[in-house]
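Produce the complete structure using the sequences and hints provided.
2 protein chains.
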Amino acid sequence: MKQKRFFLNEADLPKQWYNIQADMVNKPMPLLNPATKEAIKAEDLYPIFAKELCRQELNQTDRWIDIPDKVREMYAYYRSTPLVRAYGLEKAIGTPAHIYFKNESVSPVGSHKLNSALAQAYYCKEEGITNVTTETGAGQWGAALSYAAKLFGLEAAVYQVKISYEQKPYRRSIMQVFGAQVIPSPSMTTRAGKDILTKDPNHQGSLGTAISEAVELAQMTPNCKYTLGSVMSHVALHQTVIGLEAEKQMEMAGEYPDMVIACFGGGSNFGGISFPFLRHNILEGKKTRFIAAEPASCPKLTKGKFEYDFGDETGYTPLLPMFTLGHKFKPANIHAGGLRYHGAGVIVSQLLKDGLMEAVDIDQLESFKAGCLFAKAEGIIPAPESCHAIAATINEAVKCKESGESKVILFNLSGHGLVDMSSYDQYLAGNLVDYRLSDEEIEKNLAAQD
Amino acid sequence: MKQKRFFLNEADLPKQWYNIQADMVNKPMPLLNPATKEAIKAEDLYPIFAKELCRQELNQTDRWIDIPDKVREMYAYYRSTPLVRAYGLEKAIGTPAHIYFKNESVSPVGSHKLNSALAQAYYCKEEGITNVTTETGAGQWGAALSYAAKLFGLEAAVYQVKISYEQKPYRRSIMQVFGAQVIPSPSMTTRAGKDILTKDPNHQGSLGTAISEAVELAQMTPNCKYTLGSVMSHVALHQTVIGLEAEKQMEMAGEYPDMVIACFGGGSNFGGISFPFLRHNILEGKKTRFIAAEPASCPKLTKGKFEYDFGDETGYTPLLPMFTLGHKFKPANIHAGGLRYHGAGVIVSQLLKDGLMEAVDIDQLESFKAGCLFAKAEGIIPAPESCHAIAATINEAVKCKESGESKVILFNLSGHGLVDMSSYDQYLAGNLVDYRLSDEEIEKNLAAQD
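Keeping their order, the protein sequence lines are chains A and B. Just so you know, we're using this note's numbering here: the first sequence kicks off at 1 and counts up by one. Just so you know, we're using this note's numbering here: the second sequence kicks off at 1 and counts up by one.
Check the hints yourself; a few may be wrong.
Since the list gives no way to pick out one identical chain from another, each pair is judged satisfied if it fits inside one copy or across any two copies.
[Claimed, not checked] With a straight-line Cα cutoff of 25 Å, these simulated DSS-like cross-link-like pairs (lysine-lysine) come out:
1) Lys-2 - Lys-125
2) Lys-125 - Lys-376
3) Lys-150 - Lys-376
4) Lys-150 - Lys-369
5) Lys-4 - Lys-305
6) Lys-2 - Lys-70
7) Lys-70 - Lys-376
8) Lys-70 - Lys-4
9) Lys-248 - Lys-4
10) Lys-91 - Lys-150
11) Lys-286 - Lys-407
12) Lys-2 - Lys-401
13) Lys-2 - Lys-248
FYI, nobody ran anything at the bench for these hints, they're computed from the structure.
Quick look at the structure:
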């Protein structure tokens, strides 16, 4: 019987996160204070994030960062996640490629997001914080943060992008079961939200908008910090447990990936699975390809500009050197809510600029078609976000079929789609459409920033 | 760091199912032909089920039954499921009890149901069947059968209890993504459904009704067999992989259960986790307690009668010797759809009659309260059915707290509740009620059978 799933013993679980900034030849450019245009120091971020997270954010020297014991203890509740050989998917495609996926959907909250939520909640608790705020799109991050906050005894307030709040009521319920307060964004609870709603009462929200609200609430609330589920370098750092485990698990399977593929919103699951393998490209000259799969309706990597831009719609964050569609960009209402973000994390942006990774864009209908094929072949219904990684994987596997090559493809199944069934319903009913952006629309958006 | 989760290596996965009928001193009484009142032989069941399943159903001699290689190969896609020490729940209760749960919610379709669905689909395929029918309540079994059918290349038609079809639209979508046809029951597609709707156009359906429809469709369709997710002895047989794994995993944890607890609808997850441990009570005089947790609104074990009754509402099945509330019993619209069944499997019924197991009833509100406590403590949102097992576990753990005893409790987390969030919503909003039945109502129901 061929082995399908690979697990690590608890003793072999990573004890440190991997900080790729230490190994990058071209380091990410500094974050800038929007008023002074000076480089941001860790202390400048203290009002927003827990201090240790600020230090991790800007750490460009330490390759390995210890995972605190308490966080490792919580990781052991669901990690290692299985590395799975996708025999069923290979057969369905008829490809000679060897397809593996890292199944992050088995985390208690259904996605990889918990890997960073636990770390962030832990540091907040350690530093005496009592309340945390955050934004969430589809709700994967919000659910993870709500649970992590509860575990560490913190109160959580979550701004959920309005379109997702309405499309995915079950995720809201999940956050509420965990005891979090959930507010649809834009809302009237913040200055940022009020301003946005005044200009556009029908604003459907975006991650950029929700971030503005959550940052503002954190700054207005005593003993409260903001937490973020992607984009930031410290989030990608925590997510490297995915790739570090996968490295050992691929070894158990006796293979090494020719390609590593993940969907892309802000870069947390992509960075998480890629960076540990990418270090072997940087340090040992390996030739693995790293492919980020983004939605064609929000194509910052394939069609955005590399420039300094805000991380949120209102402009509360530092200026970030990144590939962006402009912080005022309003993404179409695709169901992959976690990918509806205008920019890319600064590490990934630098890597893409330097040609160390690639990006492809995937249409909404293609993503759901891929998700349904995967569900039938592997029995797991993927999150609409993860469907983008699956679509990109299928495209590469089909190329292998044409060329007859048995390449090894590893992709990250960032989460399951059990709470996104209404979007599958709409797909099966033929009610979904594509929203591919033209170059003109992208130019117009970038030009329309204030 | 204390170990939280225990897994088996693929080599240690069970190669045989355990057939408790071989070890029972008082064997289950025979199924009867309703017309002749003669004992049913395996051949008599051939028109309904795959032949090998009919033979397994009535096999009272072979203690071990080989798991076919193809089924074992599919089991390895998600088994072993983790045995988890519920440190979080212990802490939340403040109990000295050691609580373990077997986490069947990590199966691709989210519940233990896949263990039997794979076996049933396999035998159907082997015997040249092309189409299968079934019933489903909450949809856990329907989702499992839909996926298993797809894997083995069978067409599946699923009758879903109408109230669940409406309460849980996501489960219907999941079945449809797997390619199954889903019909709310009672429906106009069968004679049984038409008759029921004629008498009561507002009939909300029950498992008994849906079984009638699925059996009828199977008999009217060429090359089609019926499959069942619980009640039957062959289903409990397949589910013994749960307990057989748990036995080895408890050994890894260095403990042996004083109590084994599972929720109870027809008996499949209860039998699955209990029977392998129960054999040590029977053969070696161990004193483990086995506790079935049923809903107070459908209390066949605690308040039903042991008598011959039909397995379905219309009376298509053989007469089964079982604890029952009467096959015309209409369960209240509780959200634990998988527990809305009037009778208990014949093995469990005999065991209960012989005092080899116990049963408790749990109110709906108590079950959701327990589920929310578990979610916050362990991060997993349990299925409303599984909440009953959790509530019974908490009750026993509280007794340990009072007595100061460190008893070892093992319960089965039969599935997750991610697709049942609307019921949690209603619970949190205070919109759910209890439906405890009085003895008079039960008597009236039993007397009202035709």
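Evaluation of the provided hints:
With identical chains, the CA atoms of Lys-2 and Lys-125 are at most 25 Å apart between copies only, with a shortest distance of 22 Å across copies and 45 Å within one. For a Cα distance limit of 25 Å, the shortest separation of Lys-125 from Lys-376 across copies, 17 Å, qualifies, whereas the shortest one inside one copy, 43 Å, does not. Only between protomers do Lys-150 and Lys-376 lie at most 25 Å apart by alpha-carbon distance; the minimum there is 7 Å, versus 35 Å within a single protomer. Taking the shortest alpha-carbon separations for Lys-150 and Lys-369, only the inter-copy value of 17 Å comes in at or below 25 Å, while the best intra-copy value is 37 Å.
Neither within a single protomer nor between protomers do Lys-4 and Lys-305 lie at most 25 Å apart by alpha-carbon distance, with minima of 41 Å and 47 Å respectively. In this homomeric assembly, Lys-2 and Lys-70 come within 25 Å of each other (Cα to Cα) only across copies, at 11 Å, whereas the closest approach inside a single copy is 36 Å. In this assembly of identical chains, the alpha carbons of Lys-70 and Lys-376 lie at most 25 Å apart only when taken from different copies (17 Å versus 38 Å within one copy). Within a single copy, Lys-70 and Lys-4 get their C-alpha atoms only as close as 31 Å, which misses the 25 Å cut-off; across copies the closest is 13 Å, which meets it.
In this assembly of identical chains, Lys-248 and Lys-4 lie within 25 Å of each other by CA distance both inside one copy and across copies; the values are 15 Å within and 21 Å between. Taking the closest pair of Cα atoms, Lys-91 and Lys-150 come within 25 Å of each other only across two copies (14 Å); inside a single copy the shortest separation is 42 Å, beyond that limit. In this assembly of identical chains, Lys-286 and Lys-407 lie within 25 Å of each other by CA distance solely inside one copy; the values are 15 Å within and 54 Å between copies. Taking the closest pair of Cα atoms, Lys-2 and Lys-401 come within 25 Å of each other only inside a single copy of the chain (22 Å); across copies the shortest separation is 47 Å, beyond that limit.
Taking CA atoms no more than 25 Å apart as the test, Lys-2 paired with Lys-248 passes in both settings, with 19 Å inside one copy and 23 Å between copies.
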